[in-house]
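*Asks:* Here is what each chain is made of, one letter per residue.
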Amino acid sequence: MSVLGQALAVARKDLLLGWRGRTRTLAVALFGMVTLVLFSFAVAADGEVGVSAAAGFLIVALLLSSILALEESFRLEAEDRAIEGLLLLPVDPVAIYYGKAVANTLLLVLLGPILLFLTAIFFSLQLDGANLAGLAVLWFLAAAGIAAPGTLYASMTSRLTGRDVILPLLLFPLTLPILMTGVRSFDLILRGDAMSQLKGWILLLTAFDLVYWILCGALFSRTLEE
Amino acid sequence: MGILLLLVGSYMGLFVAPPERHMGEVQRIMYVHVPTAWVGLLCATLAMVFAVAYLWTSNSKWDDRLVGALEVSFLLGGLLLVQGMLWGRVTWGIWWTWDVRLTTSLIMFLLFAGILALRAFVEEPLRRATWSSVATIVAYVDVPLVYFCVKWFRSLHQVQSSPETVHSSMVVPLRVNSFAMLFIAIWLIAWRARVESKSRGEERPPTRRQVEGEGNV
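Going down the list, the protein sequences come from chains D and P.
All residue numbers for the first sequence refer to the working numbering, where the first residue is 593 and numbers rise by one.
All residue numbers for the second sequence refer to the working numbering, where the first residue is 6 and numbers rise by one.
In silico negatives: residues of chain D with every beta carbon more than 12 Å from chain P:
(1) Ala634
(2) Gly642
(3) Leu681
Computed footprint of chain D on chain P, listed as stretches where at least three residues anywhere in the stretch have a Cβ under 8 Å from a Cβ of chain D:
(4) 114 to 128
(5) 145 to 153
Using C-beta positions, here's what the derived DEER-type ranges look like:
(6) Leu131(P) to Ala601(D): 25 to 33 Å
(7) Trp100(P) to Gly754(D): 29 to 37 Å
(8) Val176(P) to Leu679(D): 53 to 61 Å
(9) Trp61(P) to Ile713(D): 50 to 58 Å
(10) Val87(P) to Ala786(D): 39 to 47 Å
(11) Arg180(P) to Gln718(D): 55 to 63 Å
(12) Met787(D) to Ser202(P): 52 to 60 Å
(13) Ile8(P) to Phe633(D): 48 to 56 Å
(14) Gln718(D) to Lys156(P): 26 to 34 Å
It is worth saying that the hints were derived from the structure and are not from the lab.
For clarity, every value in this text was computed on a predicted model and none was experimentally measured.
Here a beta-carbon is modelled for each residue, glycine too, at the ideal position from N, C-alpha and C.
Just chain P, same shape as in the assembly:
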């Protein structure tokens, strides 16, 4: 359903919505760029919620969801940077500038990359779950600090539009694509959580019943 909505939203964004007055056709990247940013931030928030839930309950199902949310945030963060750089090259004439949103997106991407690297180095499942939860909470709290800190430096990024300032033919594909991204992200997190749960099951030592069963054969 997410992919179908993404196809519909992208078709509307590319062929139905009019080009923007100043930026022209390049503005159409907004129909994937803005949903990527929204859903990416939502996934990062979900990662924070899952991390707190894991530390609170010590239930490994929250760690399964945490790894899903971390990886999807990392993926969307990477996509966001690439889309932003493509748009910036055409609109601003440069691939990169130390603008508030660009810098915050990059730092968030690097923070989550660090947590995923930490997970890769920790072999013991309980320790891996606890440490990555702790690191996720610290990283998530750090993101607004980075945002406000860079904001104090002069920002180049344009002020975001709102549905009131944008024509409805532009709002509809944006909303359709946002829901599409959301559905795809939720599906990916659930799928990754299931894979993590199964792989953890394989890591677990065999139960007594399993060992006795093998002995009888």
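Here chain D stands alone, though its shape is the one from the complex:
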């Protein structure tokens, strides 16, 4: 089986596990929703300010929810040392990384419609076909940008007693470029792009994604060595 085939098999396995343990997957979505509710109470933002703040709240809700999703993706591997069973199979570690990163990206992408729907209600966003397509692309890129380093770090921290503390400590500062480009792009999509800046921000976000996916994929196999 090629590395691509192996990666797809790992992704399929993770998504299947996510589906079978859907109560936990739903808990991640609920957590994101609660975060959004808290933000809307914490910051009284209406009108134009509200639209601008909504962009930030959406990405931060994604980032906070991603911690739960990433921890969950390696919790099962760490329990009963299942990861060692996976490594005993003739599977390339690169395929394990990309398979898990793809599965994590898809799980975070699934949060998009739920969180966006809630944000649109709370902050009176005007959504139509054109800006929904832009938001979908952006959400995918932001989710991929968080999932790539998140998968690498979760593979390490899942085997630690203090994983709940260490994963956000490592991941949150690292994903600041994703947060900034994501927030600015969301803002441009929702409030209009008078200066044609959106393309530049999307390209920047894509470039960040590429850097994380290549770098983290190259380093992942070293984190599995005992």
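Using the hints provided, position chain P relative to the given structure of chain D.
*Replies:* Okay, now just chain P, sitting in the frame of chain D:
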């Protein structure tokens, strides 16, 4: 030697160099602030080099140096933020703004704090060395991304001066202090590496010869 140079450079910066035309006496913080930034960045680069060297060779001496470079970068990063905030309060009238260099310095400080926290949680030495090397490489690559990303937002920080635009009486203390900081940083890294090497030696299980020797007593 580093401390001596720091004393000489600081004396020159405080008493020999003239005050800056617009900022006045507060500009003198530059004589420690700029060397802290330069040497801090150099130590972060050294940490990256040590991390790559460890992953390449798996020799624990690189991990000893890595922990030294990480801790010194973290220390200098903290000092840099405090100095910058003191200067910003007087010059800009605010303690903090989300300026490109301030934000990048803060994120770098937090990234290195995260790696040091990771090290504290991993008990097994080989795993600790590998994981912190991996995290250091990812964090170091992330720093320019943060820099350019924040730069796209409007920056408040002044454009840095160069020796051509600054009077020589200001350049000399700056250079003396930079070398002073560099010597102190290298000494601290070497000292920390030695401590790490010795503490790792204590963690290591006793050799067969040691066990047999104890049995004969």
